[in-house]
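Enquirer: Each chain, written out:
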Amino acid sequence: MVYLKWGWRIVFWTAVVAFLHYTLPQHDIVRITDTYEKRVNPGENALFWSNANTGENVSATERDVFFIQTFRANDRPMIYRNEDTGWGWPPYFKFNTSNLQARASDMMSKRNAETAQWVAVRHYGWRNEFLSIYPNAVALWEVEGPEARIIPWFNIVLLVALAALYWAVRVRWNRFWANRGASEGGEWSEGKL
Amino acid sequence: MVALMRLLIFGLILLTGVYLGLLWYFRAKRRGRMAQDWQEAGRPGDRDAYIAEGMAQYDRSLRRKLLWLVYILPVTAITLLIWLTNFN
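Read top to bottom, the protein sequences are chains A and B. For the first sequence, the positions run 10 to 202 when our numbering is used. For the second sequence, the positions run 682 to 769 when our numbering is used.
By construction, these hints were calculated from the structure, which means they are not laboratory data. We put the CB at the ideal spot given by N, CA and C, even for glycine. Check each hint, because a few of them may be wrong.
[As the list claims (entries may be wrong)] Now the in silico label distances, taken between C-beta atoms and shown as ranges:
| hint | chain 1 | residue 1 | chain 2 | residue 2 | range |
| --- | --- | --- | --- | --- | --- |
| 1 | A | 61 | B | 690 | 13 to 21 angstroms |
| 2 | A | 158 | B | 716 | 19 to 27 angstroms |
| 3 | B | 702 | A | 45 | 29 to 37 angstroms |
| 4 | A | 82 | B | 740 | 40 to 48 angstroms |
| 5 | B | 694 | A | 125 | 44 to 52 angstroms |
| 6 | A | 22 | B | 687 | 25 to 33 angstroms |
| 7 | A | 71 | B | 687 | 45 to 53 angstroms |
| 8 | B | 712 | A | 53 | 19 to 27 angstroms |
| 9 | B | 727 | A | 26 | 32 to 40 angstroms |
| 10 | B | 754 | A | 23 | 26 to 34 angstroms |
| 11 | B | 689 | A | 26 | 29 to 37 angstroms |
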């Protein structure tokens, strides 16, 4: 029973953390080397692709997707997709995919460039080669160098708020059951979960 | 348009759930406090009338109206987010 309970808790909290890690914005400092678009046919990995651009036909099964090809400060490649999230999940309300692509291709900087242009990319999602999934770029801006530091204020505030909400509900929940046990006049919460 | 409609409808359902849940919770707390007040004030008059008057006061209060923030805040946040993501 103890194993079941803890197994369950671990699965649940892993899912919560994975969900937040996938959905919340993160920042990379990169050098954009190319931008392109490619025909994509989402299959088993369809969950990790966005929908058609806002206003376009949503029933089409394949479509062209913008990509941004970059290198990070450690010289490892990172590829981003660039898709509308529109009115759907996750709630970034991104409609400016084409504008973002234009800005990305304007910031290109190859390895042999005299002064490399470093760019901060705000994105959500994961890169996974086995599933062919890519993080979705949400915003780009120029930074001074590869060591630029970006403080994730939004994540700090949101995670603190979520923790506070969880705590507030949990305290009330426990109090409710404790009161109930007490008012029944029996042994409090003896034998209860 | 379908996606927008889906967001609006599910958002409305969700927020209404939150609104009604919070309203119920705050009213229940208030009711409990009024009952305690009545005890502490030395049981003046009818208990139910005392509580009913307290609840009527609550329904007119600013506190009760502030609960509309449940709808106002998310809509403001989404508008701000759309602006920040796309036009800033």
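Enquirer: Does the hinted range 26 to 34 angstroms hold for residue 754 of chain B and residue 23 of chain A at CB?
Expert: 30 angstroms, holds
Enquirer: At the C-beta level, are residue 61 of chain A and residue 690 of chain B separated by a distance inside 13 to 21 angstroms?
Expert: 20 angstroms, holds
Enquirer: Taking 19 to 27 angstroms as the hint, is the beta-carbon distance of residue 158 of chain A and residue 716 of chain B inside that range?
Expert: This hint is violated: roughly 55 angstroms between Cβ atoms.
Enquirer: Is 40 to 48 angstroms respected by the C-beta to C-beta distance linking residue 82 of chain A and residue 740 of chain B?
Expert: 59 angstroms, violated
Enquirer: Does the Cβ-Cβ separation between residue 71 of chain A and residue 687 of chain B fall within 45 to 53 angstroms?
Expert: Given about 23 angstroms between the Cβ atoms, the range is violated.
Enquirer: Holds or violated: the 44 to 52 angstroms window for the beta-carbon distance between residue 694 of chain B and residue 125 of chain A?
Expert: Since residue 694 of chain B and residue 125 of chain A have Cβ atoms about 50 angstroms apart, the given range 44 to 52 angstroms holds.
Enquirer: Do the beta carbons of residue 727 of chain B and residue 26 of chain A sit within 32 to 40 angstroms of each other?
Expert: At 54 angstroms between Cβs, range violated.
Enquirer: Given the range 25 to 33 angstroms, decide if the beta-carbon distance of residue 22 of chain A to residue 687 of chain B lies inside it.
Expert: 29 angstroms, holds
Enquirer: Within 19 to 27 angstroms: is that where the Cβ-Cβ distance between residue 712 of chain B and residue 53 of chain A falls?
Expert: Check failed, 53 angstroms falls outside 19 to 27 angstroms.
Enquirer: The hint says 29 to 37 angstroms between residue 702 of chain B and residue 45 of chain A; measuring C-beta to C-beta, is that right?
Expert: 48 angstroms, violated
Enquirer: At the C-beta level, are residue 689 of chain B and residue 26 of chain A separated by a distance inside 29 to 37 angstroms?
Expert: This hint holds: roughly 30 angstroms between Cβ atoms.
This entry does not satisfy hints 2, 3, 4, 7, 8, 9, going by the numbered hints stated previously.
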